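*Asks:* Sequence:
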Amino acid sequence: MTAPVTAADLSGQTCLVTGANGGIGRATAEHFAAAGARVLTTDIQDGFQGECDTEHQAYDLLDSDGLEECVSWISNASPNVLFNNAALFDMGSIIDAELDQFDRLFGLNVRAMYAVMQASARALVKSQKPGSIINLASQAGHRGEALVAHYCATKAAVISYTQSTAMALAPHKIRVNAISPGVIDTPMWKTVDALFATHEGKKIGQKKREVGEAVPLGYMGRPFEVAQVAAFLASSQSQYMTGQTLSVDGGNVLR
794 MTAPVTAADL SGQTCLVTGA NGGIGRATAE HFAAAGARVL TTDIQDGFQG
844 ECDTEHQAYD LLDSDGLEEC VSWISNASPN VLFNNAALFD MGSIIDAELD
894 QFDRLFGLNV RAMYAVMQAS ARALVKSQKP GSIINLASQA GHRGEALVAH
944 YCATKAAVIS YTQSTAMALA PHKIRVNAIS PGVIDTPMWK TVDALFATHE
994 GKKIGQKKRE VGEAVPLGYM GRPFEVAQVA AFLASSQSQY MTGQTLSVDG
1044 GNVLR
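Going by this note's numbering, the first residue of the sequence shown is number 794, and it counts up by one from there.
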């Protein structure tokens, strides 16, 4: 018998979103709440800035004490679903990108990502509950880019950790997947566009327009289009999926 097709239902689930005040994090928290979940959010900023009720804590995940406090919070909250989204972006070629940029990007995008994922996994295993861990990768994790060396490497690490963790947690019925967004129209793109203007000599707004036009579907993605996939991966609709990285990029990266 084929199960009926329904909207993602997260009733009774506790979902944690990190980096919750960014465009994708905010949209995902709102989608989780709309699907019936109890939503926990964290960001370096105080207060959740989206349009739903959440239980929010502010942590600086680049700070060792802040990360330790966040890990303790997760251990006590024991969420069923983790949307592991907090990340930094910066630019610089292999010639120009210094080790302090390496430390910052790997510190948040890989070290903190791993610590948060590990804390969620440990809490789920201890409670003997099934769960879903969703890591935010990027199209940059599938290919190198001349001016984005460190960022590309961090997102490739996210994909690798997702695969390894999925294999480790499969016996516990904990699924681990990732999402690779392409170019998504979030507030962060103002910073990204300015960096490209500096490094490539472009006018402000030019790079953003160019990347949107280059997407096969013809436009930059919107945060809710990533959030919809996150809700799918969080729900029982994806119960036979683990170790996968889903590209939400309008056809930018074909694998």
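Read the hints as simulated data drawn from the structure, not as lab findings.
All values derive from a computational prediction rather than experimental measurement.
The beta-carbon is built from N, C-alpha and C at its ideal position, and this holds for glycine as well.
Check the hints yourself; a few may be wrong.
Pair by pair, the computed Cβ-Cβ distance ranges are [said to hold, decoys possible]: (1) V918 x Q999: 47 to 55 Å; (2) R915 x Q1037: 17 to 25 Å; (3) D858 x G1011: 19 to 27 Å; (4) Q1032 x S920: 30 to 38 Å; (5) S1029 x D858: 14 to 22 Å; (6) S804 x D889: 18 to 26 Å; (7) M1034 x G805: 35 to 43 Å; (8) D802 x D978: 39 to 47 Å; (9) F895 x G840: 30 to 38 Å.
Listed next, the in silico DSSO-like pairs over lysine-lysine satisfying Cα-Cα at most 30 Å (straight line) [claimed, not checked]: (10) K966 x K922; (11) K983 x K996; (12) K983 x K1001; (13) K983 x K1000; (14) K966 x K919; (15) K983 x K966.
*Asks:* Look at each hint and say if it fits the structure.
*Replies:* How the hints compare with the structure:
| no. | hint | verdict |
| --- | --- | --- |
| 1 | V918 x Q999: 47 to 55 Å | holds (49 Å) |
| 2 | R915 x Q1037: 17 to 25 Å | holds (22 Å) |
| 3 | D858 x G1011: 19 to 27 Å | violated (46 Å) |
| 4 | Q1032 x S920: 30 to 38 Å | violated (18 Å) |
| 5 | S1029 x D858: 14 to 22 Å | violated (37 Å) |
| 6 | S804 x D889: 18 to 26 Å | violated (50 Å) |
| 7 | M1034 x G805: 35 to 43 Å | violated (20 Å) |
| 8 | D802 x D978: 39 to 47 Å | violated (28 Å) |
| 9 | F895 x G840: 30 to 38 Å | holds (31 Å) |
| 10 | K966 x K922 | holds (8 Å) |
| 11 | K983 x K996 | holds (12 Å) |
| 12 | K983 x K1001 | holds (9 Å) |
| 13 | K983 x K1000 | holds (10 Å) |
| 14 | K966 x K919 | holds (12 Å) |
| 15 | K983 x K966 | violated (40 Å) |
Figure legend: structure checked against the earlier numbered hints; hints not met, in rising order: 3, 4, 5, 6, 7, 8, 15.
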